[in-house]
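Start counting at 1 in the sequence shown, then tack on 398, and there's your number in this note's numbering.
To be clear, the hints were calculated from the coordinates, so they are not data collected in a lab. Check before you lean on any hint, since a few could be wrong.
DSSO-like cross-link-like pairs, simulated, lysine-lysine; straight-line CA separation at most 27 angstroms [said to hold, decoys possible]:
(1) Lys511 with Lys568
(2) Lys507 with Lys455
(3) Lys516 with Lys487
(4) Lys507 with Lys426
(5) Lys538 with Lys551
(6) Lys406 with Lys487
(7) Lys450 with Lys551
(8) Lys455 with Lys488
(9) Lys592 with Lys455
(10) Lys511 with Lys450
(11) Lys562 with Lys551
(12) Lys426 with Lys516
(13) Lys592 with Lys538
Ranges of calculated distance between the beta carbons of each label pair, as one might list FRET restraints [claimed, not checked]:
(14) Glu559 with Asn492: 23 to 33 angstroms
(15) Met399 with Lys455: 35 to 45 angstroms
(16) Pro451 with Phe515: 17 to 27 angstroms
(17) Asp429 with Thr564: 12 to 22 angstroms
(18) Gln587 with Gln561: 19 to 29 angstroms
(19) Phe400 with Ala457: 19 to 29 angstroms
(20) Arg416 with Asn560: 13 to 23 angstroms
(21) Glu420 with Lys455: 38 to 48 angstroms
(22) Leu412 with Gly481: 35 to 45 angstroms
(23) Asn552 with Pro401: 18 to 28 angstroms
Backbone N, C-alpha and C fix where the C-beta goes; we use that ideal spot for every residue, glycine too.
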Amino acid sequence: MFPDQIEKSDLQQLPLIRFEGEIHVIEKPDDLDNALDIIGREPILGFDTETKPTFTKGAYNHTALIQFATLDHAFLLRINRFGIPDRLKKILENENIRKIGISLRDDLKDLKKVRPFKPAGFIDLNNIAKDLGINQIGIKSLTGIFLERRVAKNQQTSNWENQKLTTAQKRYAATDAWVCMKMYDSLMQRGFVKAS
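Kindly produce the complete structure, drawing on both the sequences and the hints.
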């Protein structure tokens, strides 16, 4: 079983984990079709989004990036450039593709402001953690509890609408989606969630 929480000091002692696979940055609609061919065939994907932070009260930025990850590939879709085309909308609405994330409610609410859709197939690891008696939620805590690793969050407040994403931004964004997939895969392997 898992501990119900992890101390911050214990978390800091854990080895760092980051995505080391292939990162595909999708900048324009022409590149999107090839990526969606691959993404649409996957039964399970890690999922996350990034938004340019606002430092002014009342200001709002739309979601800039959707991340999908398998265990070996991460796809960073720069939707601030091309929105949510029909094929991407179908994946977000496909209940047969499990999309694994953390704290999904706000991500999905913000994505619906880009284009309305009916989310299906989304699984929030926070809910699985609560069902397992874990009191502490969020990506940092759950990575520590489920994988006994820690993730770096130093790019969290960077500008996701930059003309070019930096190498650090790409790695951070890929890791956030991939680590959700990795945790879910680990929970499946150990029988805590069903494989199908």
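Inset, instruction - Compare the structure with the hints numbered earlier in the document and write down the numbers of the violated ones, lowest to highest. - result: 6, 8, 9, 18 and 19
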